[in-house]
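Quick note, the sequences are listed as chains A, B, C, D, E and F, same order.
Counted the way the UniProt record's numbering counts, the first sequence spans residues 1 to 335.
Counted the way the UniProt record's numbering counts, the second sequence spans residues 1 to 335.
Counted the way the UniProt record's numbering counts, the third sequence spans residues 1 to 335.
Counted the way the UniProt record's numbering counts, the fourth sequence spans residues 1 to 335.
Counted the way the UniProt record's numbering counts, the fifth sequence spans residues 1 to 335.
Counted the way the UniProt record's numbering counts, the sixth sequence spans residues 1 to 335.
Simulated from the structure, these hints should not be mistaken for lab results.
A couple of the hints might just be wrong.
Claimed, not checked - Straight-line Cα separation of at most 20 Å, SDA-like style, residue types lysine to any residue; simulated pairs:
| hint | chain 1 | residue 1 | chain 2 | residue 2 |
| --- | --- | --- | --- | --- |
| 1 | F | K153 | F | R169 |
| 2 | B | K67 | E | E320 |
| 3 | D | K319 | C | T81 |
Unchecked claim - Every beta carbon over 10 Å from chain F, so not counted as near; a handful from chain E, in silico:
| hint | residue |
| --- | --- |
| 4 | I95 |
| 5 | E97 |
| 6 | D120 |
| 7 | V128 |
| 8 | Q145 |
| 9 | Q224 |
| 10 | I249 |
| 11 | A295 |
If you're wondering where the values come from, they're calculated on a predicted model, not measured in any experiment.
Glycine is no exception: its CB is placed at the ideal position from the N, C-alpha and C atoms.
6 protein chains.
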Amino acid sequence: MGKVVTLGEIMLRLSTQAGNRLVQSDLLQAHYGGGEANVGISLANYGHDIIFASKIPDTALGDAVFKHLRRYRIDTRFLLTGGQRLGTYYLETGIGERAASVLYDRAGSSFAEMDTLEWDLAELFREVDIFHVSGITPALSKRWQKMTLELMKQAKKAGCNISFDINYRSKLWSQQEAGQTLQQLLPYVDYCSAGKLDAIHLLGIDEATSKQKVDKAFYYRKMQQMFPNIQLFYGTKRTVHSASANQLIGTIWLENKYYESKMHDIDPIVDRVGAGDAFAGGILHGLLVEMLPQAMVDFATAASALKHTIHGDCNQFSKEEVERFKEVGSGKISR
Amino acid sequence: MGKVVTLGEIMLRLSTQAGNRLVQSDLLQAHYGGGEANVGISLANYGHDIIFASKIPDTALGDAVFKHLRRYRIDTRFLLTGGQRLGTYYLETGIGERAASVLYDRAGSSFAEMDTLEWDLAELFREVDIFHVSGITPALSKRWQKMTLELMKQAKKAGCNISFDINYRSKLWSQQEAGQTLQQLLPYVDYCSAGKLDAIHLLGIDEATSKQKVDKAFYYRKMQQMFPNIQLFYGTKRTVHSASANQLIGTIWLENKYYESKMHDIDPIVDRVGAGDAFAGGILHGLLVEMLPQAMVDFATAASALKHTIHGDCNQFSKEEVERFKEVGSGKISR
Amino acid sequence: MGKVVTLGEIMLRLSTQAGNRLVQSDLLQAHYGGGEANVGISLANYGHDIIFASKIPDTALGDAVFKHLRRYRIDTRFLLTGGQRLGTYYLETGIGERAASVLYDRAGSSFAEMDTLEWDLAELFREVDIFHVSGITPALSKRWQKMTLELMKQAKKAGCNISFDINYRSKLWSQQEAGQTLQQLLPYVDYCSAGKLDAIHLLGIDEATSKQKVDKAFYYRKMQQMFPNIQLFYGTKRTVHSASANQLIGTIWLENKYYESKMHDIDPIVDRVGAGDAFAGGILHGLLVEMLPQAMVDFATAASALKHTIHGDCNQFSKEEVERFKEVGSGKISR
Amino acid sequence: MGKVVTLGEIMLRLSTQAGNRLVQSDLLQAHYGGGEANVGISLANYGHDIIFASKIPDTALGDAVFKHLRRYRIDTRFLLTGGQRLGTYYLETGIGERAASVLYDRAGSSFAEMDTLEWDLAELFREVDIFHVSGITPALSKRWQKMTLELMKQAKKAGCNISFDINYRSKLWSQQEAGQTLQQLLPYVDYCSAGKLDAIHLLGIDEATSKQKVDKAFYYRKMQQMFPNIQLFYGTKRTVHSASANQLIGTIWLENKYYESKMHDIDPIVDRVGAGDAFAGGILHGLLVEMLPQAMVDFATAASALKHTIHGDCNQFSKEEVERFKEVGSGKISR
Amino acid sequence: MGKVVTLGEIMLRLSTQAGNRLVQSDLLQAHYGGGEANVGISLANYGHDIIFASKIPDTALGDAVFKHLRRYRIDTRFLLTGGQRLGTYYLETGIGERAASVLYDRAGSSFAEMDTLEWDLAELFREVDIFHVSGITPALSKRWQKMTLELMKQAKKAGCNISFDINYRSKLWSQQEAGQTLQQLLPYVDYCSAGKLDAIHLLGIDEATSKQKVDKAFYYRKMQQMFPNIQLFYGTKRTVHSASANQLIGTIWLENKYYESKMHDIDPIVDRVGAGDAFAGGILHGLLVEMLPQAMVDFATAASALKHTIHGDCNQFSKEEVERFKEVGSGKISR
Amino acid sequence: MGKVVTLGEIMLRLSTQAGNRLVQSDLLQAHYGGGEANVGISLANYGHDIIFASKIPDTALGDAVFKHLRRYRIDTRFLLTGGQRLGTYYLETGIGERAASVLYDRAGSSFAEMDTLEWDLAELFREVDIFHVSGITPALSKRWQKMTLELMKQAKKAGCNISFDINYRSKLWSQQEAGQTLQQLLPYVDYCSAGKLDAIHLLGIDEATSKQKVDKAFYYRKMQQMFPNIQLFYGTKRTVHSASANQLIGTIWLENKYYESKMHDIDPIVDRVGAGDAFAGGILHGLLVEMLPQAMVDFATAASALKHTIHGDCNQFSKEEVERFKEVGSGKISR
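Work the whole structure out from these sequences, hints included.
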């Protein structure tokens, strides 16, 4: 199996129970998660060795983060303690036509306030196959834009492949700032999660004409032309019928070829948070065990579909369970 | 913004958790609500000044009613205390093919037992734009039939417009008695919520022939002919696929023109109680802020659709939230 | 009304709350049930006199079983106490594409370990109309294969009709062993719940050719030829769209005629466990009150559809409620 | 074992969770109970055959009452259905210095509104050892005062012993009316639960002088003089330190002798409702199995102490469990 | 009745359920509260007109604060919206020997970041009897030290009496800084909540010698000498046996006389947060209705004792309920 | 810090919520634990490196055990998978006078059925300071008696100190069999948890005469004479006032000297399971960091007292938290 480092912020999520608005909620569900931590947990569940690097406060909430990660066999040696607070957000769970609503309370967190790379990077990246990071990290501060670039350079130097999930958040930075940063980062990236909106709004690719739209891989192809260094593009296409019913197709672009999974009907959705991370986890697993491209995208999409059926950010399925789900299909009880 | 008086009974609802019959329920959810109170809360959420007039017992349950209403900025100066009990009902929440089931325990309530209009009506209706009442009130007793008429007369005299929601309940009175009462009340009404079944069974309008059915406004048109004083008819058309999945279209008839909203797919339904009141609240808001007819029916239907997604009788959305929902559409998360 | 004996194992079910895997569950829901007990409860709800015969340990869990059954007016005089433990299973409730998952912990139970028929059979079967048992009982041990046969013989001798639900469980015995046992048991059976897979894999009937498939009753017809003694075959056809959405049609074969119910759209499914037992209960009720065949299959399917909408193994509906549901149809609230 | 009839009202109790006032409670716990039903359940748990006679509405709540009683093996053949509603009360659970608070909503119940004894009394009392009734029943109406007397006469005629728990409720009737009724009823009573306050305020016995107080049996002795027909007086002495901590001593007066149990320290109290009924159940059990007086009062007090440790009105302990508790004493775990 | 302004920060409290540490808590209870808001709610419950002035963000959490306060009839016209976040803290509820533990996450809140007095002070203090504020406000920032002084001056000028609760929090500022600030503020104060530790550590009063200790009012007397302008000192003496059991005595110093309440045994404690505010609310009520000193301290202490028996920060008792509790005493149920 | 191996069975505990009997419980709380695992978690919390060796089934419940242990940083490399089932027990939580009650369902578990030592013992014990095991393990089977002895011999050979908690369970084996086994095992033990009852009933020491009783260390002294190899005896003296209130004193015997901690008043008890393990964990920590004897017994007793205040088997406190609790004492909140 492989060895992977994921690095990013991990937060406390406080979510309402379905059918209640935040304003009417006396009880809030506490979950801990963040994109990179979630990807790490998926990979740990599949048997890989995972380091999650971040910084959290030395408080009971920080302790809860440690315990959460260890539960899934994550190596926490590079999880620093210090700083003022754990980033927090409130999730008003959506249902039916009513979308979920997020209220961030993340400013000033221990991770966001970091201004030097406090880890021993040589040690961090030693014998690591993949270094995974997301676009949320450089969105946190000017310092983090520089530090993210530095991390990629050091990881590259240490022989890691770089996985990067663009994950653009408009509440954190402007399209312009994000675009400029991506121009610096993407030349170091090997595996990139990106979609149509990223291509258009952040990378300046023209929207497909009606003729070009026939090509399902149009944006992947264009992005590949801009960044020939990227070996793999991956992403999902989601059709949102309501907050409770979505359809999901996973896609990849590999060696100038486009692959997509079958479509999953996800109804009802229990908890959508972390579904993209579950997809990324499945893709990285596919790379590490050298799956064929079609198997890889099928596996990753199945993992993401399963994630929607459970509470919490992180995927709770072994690779055997994902494989069986891929084959057996939907809803059959075994007894 | 406007000033509105709503008047009617408010009850304690004890409901089961979805998936449990009443007979197997150890825990019951307590909510306080009633049609007129619910309409008032919607309007208060949109920024109007609302008086809710009723009578409740001077007990802990009565105190809970006060606190419930004040939470939403309702003026409770005309909420009288006295009498024997708070009307109660048990709601066995429906799901899928199994419909909800209501068990009333409302006889002898403080409000139903009233036999004089104990309020200072001049004070109650001073500078009020709209007086809203429903057909449940005259259904409670012979006295209430007379008192409802008297209220409308006094409100009219004080310069209010009268909003009336027919809201026929077969468990409370006969079609004949209801029909006779409506003949007395409707001449005073300005805005009337009424539907096809009311037209046929209470007002004696012949059912539309297959040819007439082409006219979506057939019944509105006929009722308008009977009561030319009514400025606006409003109502919803609901297609019940199951207790969990409905489709909803709002309709109005204004100045001899028919308008309807887009159709909302409501799936799953969290709590349907109060959805009609949310629609009425949206219509009255539209009138008070002088929306165009199409905007008004769209707003009211959006408000009603949103109500289905939360627990409890009363709408928990601001006018900005309803507007945004109307525009953005279904199930998109913002972050 | 009739008098019925059902006999079999009853277990403790520990199930997760929807949206949680077993591994992440701190709270488990406890229900008591088993196929034959569930059928008995349905029949008791419809007004019949029911004896449930089984054996359970003399512990708090055994006491809970007694209380559970008595609640539904089941006669527990033939519920023996003794042995080591109550069979248990864990149900990870399914939702959407994720199927439910069952983890058995039933070996060594008081019932499974029985090696003599400890009841006074003459007393047990006195004036009984129907004796109902399922294929799970002979699957428990070699002894139980013999004892099941003996029970059928004695019941027959006492003048009972025999109802048998094949209910094949691959985790308990092989198809070969089940097939051989069925050859011994079915000659004593009057009413038999069996389906296509039973016909092919256990009774050795060839799969229908594409031409034969046109005959909806193909397998019933073939099984009837093998066992002309069986007066009635019954079963359901279930289309599994997901763990949350199924379609259900009930079917029977009676006097060389095939009947089927209308199709029920079951969405969402609250709890599927016991839905087959609710169907069997409806069929046996139909037999006992001499319903016409179409009414019988409609009633039984309605009962089964309703079962899906409530938590727990056992149907909580009276015959009047099932009838009303059959007629009124889906999801209409009455108030 | 014995055969006992208990007769009285059974109600729905809706109680708050400890630490919440009624006004702040979104969830209410539903329990069914009433003094005579509770006594019956205790006796059924000890192995006696119990008939509970009452009248409840033919609704889902009535059905829940049936299922509640059957669970404990109560014979419900004399539980009539009809009338308008099930009596209800709200219990704001007390804790620490804050006492519990009861809000009755029981007027107009099916039982309270009865005006004839609708049961076949000959059948009801056939071969019955003890008929148990309480002072709540005659408090419900003038009719019930007469009907209670008639029941006692008929029971007496049929050879039953009469057990009567005075259970004075000041919210239901005046001391004067209660006193007059008692003068009529007590001459028929064999076993009577009564205390100091009953003696003084209802029976007109002068309060003990400081000298007389030395006699622990002073009031029993005086009441015995007034009603020499009464074979046994029973009651508890409760020292209320707070709503969470009480001390309890059981007492009886039998053949001119006074007995009392050891004192039980009850801390914390889980649910006090039904503790007096558990004591009465223990006493009647002692009578039926002919315990020695000291054993009887010890058993009954132990049963009452145990009742305080569980939620719900009714005692959930077998006679073996009560005996073991009596001997082993407090708080030792066995494993 | 009186008119009172209270001004201060209001926060979101997220607390664990008793018996769980924060690190093991999946569910957190959400309450909104703050010392000054809590005092205001007590006074509103007693019938006074209360303005609560503060600043909260314009988010769903801010909306929840509005709804919380309105529920208790608080005037929210001076509750400003704006700024970045609502101050938050986590409460690990204590039990038995294990003390509660507080984790603050309040930096950067809308209120703490205020740097001008954004209210129309003339309007705020118009016809106000008492202005109540606490020592937490000047502890929030240097700006708030100045602004608190300015508020007192303006309130004084407008004719208000000033109530000040020292409420020293070592996590917010040093003893030295607090002491200097108090020297500036106390000359404007009329009613002051202060205790022995405040006297010694903040005001520099020497600890009582063993001889001086005989004087229960020693520290009150000394503080009075320092600030002769203060008309009333008030406070509670709490003996902490454990996190679940405390003893509480209320004390006041008025016109050179010392009064104390009887001792309350509080066991178990449901929720201690806000108990001091309930005491302050009782004192201010006593002043507004001109109670005699002993009645005032008895009332306030009873209110505080009751607060310990319910969840949430704010007292949920009317003045009649507090009076009745004062008289009837402990734990008696009324029915 | 040290390195410790603990080895034993780990089970699923299903417990009722306080105030409910098992028979009335619809919801059961799931916890995973066992004496040796619990000791290991305490030590891991204090910073030591812990291996827990056991065998569990390869099921979802087994997976939950892995995740539970990893959460606390336990090394699970020696946690084998295989066998049939996870041992289970039901805990009816006690409260007040009602003791907790345990219902075992542990026969046939993967661990109990082991018949060879499947671990690589050389690897297991490499560089390990202490090997901890309890008397429950040899109680499981004849094979386990031999295997426990073999484990001790191998551990000894590898240079470990042996810690042994006698932990006699009468439901698992007889006193005679236990006594004979102890005679074989104790010669290998260095640190032994044992009490008066063990001394008398298992080791055959005569009960202390009234004169001998003055010596608090009487039984320790006698056992030391029998087994001079044992360096340290440790245990707790518990006074059980009720299931909710206990007093606890920790004691040790070291180098012929007796030490005891101050007495802890534990009221209320949240969850007593694992309190002895928390004490053992504290003692072993004291040994590993070479505390002075008095500090060691104080620390261990404080840890045990804290354990009583939280749900679940395992102690959730760091060594800093235990130290602070030891010093600060009872129930003081810090904020």
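Problem - Least C-beta distance from Q145/E to chain F larger than 10 Å - result: holds, 20 Å
Exercise for the section: Take a quick look at whether K67/B and E320/E sit within 20 Å of each other, Cα to Cα. Expected result: At roughly 18 Å apart (the allowed maximum being 20 Å), E320/E and K67/B satisfy the hint.
Handout entry: 10 Å cut-off, C-beta based - E97/E kept clear of every residue in chain F
Key = Check fails; 5 Å does not lie beyond 10 Å.
Problem - 20 Å Cα cutoff - pair K153/F, R169/F - result: This hinted pair is violated, its Cα atoms lying about 24 Å apart.
Handout entry: Minimum Cβ-Cβ distance from I95/E to chain F exceeds 10 Å
Key = Per Cβ check, I95/E is inside 10 Å of chain F; nearest 5 Å; violated.
Practice task
Mind verifying the non-interface call on A295/E? Its CB should be farther than 10 Å from each CB in chain F.
Solution key: holds, 30 Å
Exercise for the section: Please settle this one: I249/E was flagged as non-interface, so is its CB more than 10 Å from every CB on chain F? Expected result: holds, 17 Å
Exercise for the section: Report holds if the minimum CB distance from D120/E to chain F is greater than 10 Å, and violated otherwise. Expected result: Holds, because the least Cβ-Cβ distance between D120/E and chain F comes to about 34 Å, which exceeds 10 Å.
Handout entry: Distance rule for V128/E, whose beta carbon must clear each one in chain F by more than 10 Å
Key = holds, 30 Å
Practice task
Sort out whether T81/C lies within 20 Å of K319/D, counting only the CA atoms.
Solution key: holds, 18 Å
Problem - Beyond 10 Å from every chain F Cβ - status for Q224/E - result: holds, 28 Å
Hint compliance for this structure: hints 1, 4 and 5 are not met, and every other hint is.
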